[in-house]
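Student: Protein chains in written order, with the numbering used here: chain E, 1 to 534; chain Z, 535 to 738; chain R, 739 to 834.
Accuracy of the hints is not assured; some may be wrong.
What the hints assert, rightly or not - Here are a few chain Z residues that face chain R, going by a calculated C-beta distance under 8 Å:
| # | residue |
| --- | --- |
| 1 | S549 |
| 2 | W555 |
| 3 | F559 |
| 4 | G588 |
| 5 | N591 |
| 6 | M594 |
| 7 | G596 |
| 8 | V600 |
| 9 | I603 |
| 10 | H685 |
| 11 | I687 |
| 12 | I728 |
| 13 | F729 |
| 14 | I737 |
As the list claims (entries may be wrong) - In silico lysine to any residue, SDA-like type, Cα no more than 25 Å apart, as pairs:
| # | chain 1 | residue 1 | chain 2 | residue 2 |
| --- | --- | --- | --- | --- |
| 15 | Z | K623 | R | L756 |
| 16 | E | K106 | Z | K642 |
| 17 | Z | K642 | E | L223 |
| 18 | E | K112 | Z | N550 |
| 19 | R | K806 | Z | N715 |
| 20 | E | K106 | E | A14 |
| 21 | R | K807 | E | V437 |
| 22 | E | K112 | Z | G698 |
| 23 | Z | K642 | R | F809 |
| 24 | Z | K623 | R | Y804 |
| 25 | R | K752 | R | G766 |
| 26 | R | K807 | E | A290 |
| 27 | E | K492 | E | P512 |
As the list claims (entries may be wrong) - Covered stretches of chain R (in silico footprint by chain Z; criterion: 3 or more residues with CB under 8 Å from a CB of chain Z, positions within the stretch not fixed):
| # | segment |
| --- | --- |
| 28 | 782-795 |
| 29 | 809-816 |
Because the hints were derived from the structure by calculation, they are not lab data.
This structure is a prediction, so every number in the text was calculated from the model and none was measured.
For every residue, glycine included, the Cβ atom is placed at its ideal position computed from N, Cα and C.
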Amino acid sequence: MTSTTAAAQPSYLAVKKGIAGWLYTTDHKRIGILYLIGMSIFFIAGASFGVMMRLELLKSGLQYLDADVYNRILTLHGVIMIFLFIVPGIPAVFGNFMLPLMIGAKDVAFPKINLLSWYCYMAGGILALVSLTLGGVDTGWTFYVPFSTSSASNIYVPLTAAVILGWSSILTGINFVTTVHRLRCPGLKWFRLPLFVWSLYATAWVQILATPVVGMLLILVMLERFLGVGVFDPTRGGDPILYQHIFWIYSHPAVYIMILPAMGVISEIIPTFTRKAIFGYSFIAFSSVAIAAIGSLVWAHHMFTSGMSDTARIVFSFLTFIVAVPSAIKIFNWITTMYKGSIRLEPPLLFAMIFIFLFSIGGLTGLILGALSLDIHLHDTAFVVAHFHYTMLGGAGTLFFAAMHYWYPKMTGKLYSIKFGHITAILFLIGFNLTYVPLFVAGINGMPRRYADYLPDYAFYHQASTVGSWIMYGSFLLMVVNFVYHLFKGKKSPANPWQSVSLEWQIPSPPPLENFDTIPEITEKPYKYTSGSV
Amino acid sequence: MNIEQHTEEHYDPVSNSMGMWLFLFTEVMLFGVMFILYAMYLHTYGIDFRHGSGQLNLVMGGLNTVVLITSSLTMALAIWALSLGQRSKSFLFLGATIALAGGFLVVKSFEWAAKFHHGIYPGSAELLSRSPGEMVFFSLYFVMTGLHAFHVIIGMILITVNAGFLAKGKMSPERMDLMKNTGLYWHLVDLIWIFLFPLFYLIV
Amino acid sequence: MEGNLKQSHHIGAKTYLLVWAALMVLTGVTVGVTFLDLRNFAIVAAMIVASIKALLVLLYFMHIRYEKKVFPFMILATLGMFWLFLILTFMEVFTR
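Using the sequences and the hints given, assemble the complete structure.
Tutor: Right under this line is the structure:
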C-alpha cells in the first residue's frame, strides 16, 4: 500500500473558515461533519424523549404525562431515532467522510448532490420536530392505516418530513453506488476494497430500491386523507393489510440499512486492534450482499397477527430464519479474527465487543420472534421493544459510538480521553442491559408495548428499566462531553494513532483538503497486519 | 484548488449516466408500488376492474400512447442531432417533444374532465355507490395516471431547460450529459405509460 | 470520452424510426388483441406485448445495447427485486 504522508495542502478544517464555508461546502468531509452535528442534536432530543417515557413509567398509574401526550412523545421518539439517527447514521456521517478516503478518491461522485442530501436531511428533521409544536402525532412511527387516515392529529407534517428524509437517503445511496463503481483508485479491485466500503455499497442499493416504496406509500396516505382516494380503506374496497405489506417492504430492509454499515465498521475496528487480517474476507463481503438481498424478502414477519394467510406466515417465518445465517457467519468471523490476536482494548474495540454481546442477544431474540408460534404470544409486547432496541441501539447504535471513538482523531485531528472512553463504554453496557433486560421479562409476562400505564405487577421491571435509562443517558452525555471538550482542549493527534494499515489513516489527521497529494495505487488486499507489531 | 477546477478534472460521462440510471430505479420502485397494488386488487376484483376499464375512453388512451411514443422518438432524435453538432435541428426536435408532451396533457385533461362530469372522482357520491372493485379501480386510475402526468410536467420543464441551454450555446456534442439524462427520464415516462395503457384501457 | 462520443454515433436516425414504427405496430397489436375476447389470458397477452415494447425502448431509445455491461446488470437487479416483492406479496394475497 502506498502511503502519502507529506501534506503540501492545508487541512480541510483550515480553509474557508466561517459559517458560509460550511453551509456551501461540497467537500465530503465537511458534509460528514455537518451530518454529525445535526445528528447529535437529533439523537440527544430523541434520547430525551425516551427518558421522558421511562420516567412516566417509573410508577404504575399516570404521573405527569397523560396517555395522549405519551403517544405523541412515543411517536416522535420513534420517528427521530429511526429516520434521523439510525437509518442515515453511519452512512451519512462516516460513509461520507471515509468512503472517498478509503477508495483513494478526492470526493464522492456528485459533491453538490451530496450537499443537497444534507439540506434534505435537516429540512426533514426540523419539520419532524416542528410537528410536535403543531400538536404532535399519535400514530407511532409506522403510520398504520386506518388510524393514520382517521387520526385527528396533524399528520401531514411528519409524513412530509419522512418523504423529504427519504429523498436525502436516496441521494446518498445514488452517490455511494456511483462513487464505488467509478472512483476507485488504480489497483483497487472489488476484492481489495475495505469491508466498510462493501457494506456501504450493499446499503446504498437497499436505500435506492427500498426508500421510494415507503415514499409512495406515505404519499398514498396523504392522498387518502386529503382527496379520499380509498386504496387502503375497506369501506371503499381497499385492503389495509396491503398497507402493512408495502410499509414493511421498505421498513424491514431499513433495518438492514441500519445494521449493514455498522457491520462494516466493526470489520474495520477488529483487525486494527487485534493486529490481524480479518478472518474470511470474502465471506463477510458476500454476506453483506446476501443480507441486503435476503433481508429484503422477510418483511411480513412484522405482520404475523395481522390476519394474513397461513401459507404466507409460514413462508416468511422460514425466510426470517434464513437471513439469520449470514449474520451469524459474520459474528463467527469477527470472533475468529480476535482469536490469538494481539489485542489492545482501546475504546473502539471495547464498543465493538459490547456490540458482539448485545447484537447476539438481539439476533437470537429475533429468531424467537421470527418463530411463528412464539410470535403470536409475544407480538406487540415489551419483548419486541427490548428485541429491537438490542439490535438497533445495541447493534447499530453501539457501533456508531465505536466509529466515533475510532475515527474521531482522523476527523478532528485531536485525541480524546481514553479513560473517559472506557468509562462511557462500561456505563453504556450496564445502563443498556438494565434498561432492556427487564423489558424482555415483562414482555414474556404479557406487558404490552406503547402503553402509558401498567398493572402494579409489572412495577419492578419498569422501575429497574427506568433506572437503567438514566445510566445510559448519562453515558451519552459523558460521550458528548468527552468529544466536545477535547475538540478544543485535546492533544493533537498523530496521523495514525491506532497504527492502522487502512488507506484513510495513511494521510494526515485531519485530512488535507483534497485528501491525497497523489492518487495512491493499491497492490494488495486490505488488512495486511503482521501479528504482534506495535 | 477551487471546487470548479476540482469538478472539471473529474468529468466522467459514465458516472453521470450511472447516477441518472440509479435515480430511474427509484422511479421504477415508486411506480412499482402502484403496480403491486394494482396486481393485488386485479386478483381480488377481476370482474369489477373489467367494468371500470370499459368506462374509460379507449380512443383517447390509444391516441395518447401514439403521442407519447412519438415524443420519445423526437427526444431521441434531438440527442442524435446534437451529437452530430446540428444544434438548430436538435432545437426543433426538442420543441416537437414539448409540443407532443403538451398534447398528451391536453388529451389527459379532457379524459379526466369527462370523468368528473360523470361524477367520477375520488370520494364522489357517484363512485361511493359503485361496487368496491370499481371504487378501487378508479382510485388507482386517478393516482397512477395523475402521478404519471406529474412526471410528464417535470419532463416538460426539464426539456425546456435543455432547449434554453441549447439556444444560449451552453451545450455541445462533447458536453451533453444533461440532455442525455433528460432523454433517459423522458423515455422512462414513456415506458411507464406503455404499461399503464394496457392495464387501464385494455383489460375489458 | 471519445468512446462515449462514438457510442452516440452507433445509432442513426434510421434505427430510431424503425424502433418507432415497431412500437406503433405493437400498439396496434395490443389494441387489436382485446377484440379477440381472450378472457383471463387478455391481461397476460397485453403484458407480453408491453414488455416487448419496453425492451425496445430500453435497448434503443435508452441506449442500453451500447452501454457498459454493468448497466444491464443493474437493471436486472432492480427488476428482479421488484418481481420478488410482487411475487411474495401475491403469494400472501393469493393464499388468503
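Student: Hints broken by the structure, by number, lowest first?
Tutor: 1, 4, 5, 6, 10, 11, 16, 21, 23
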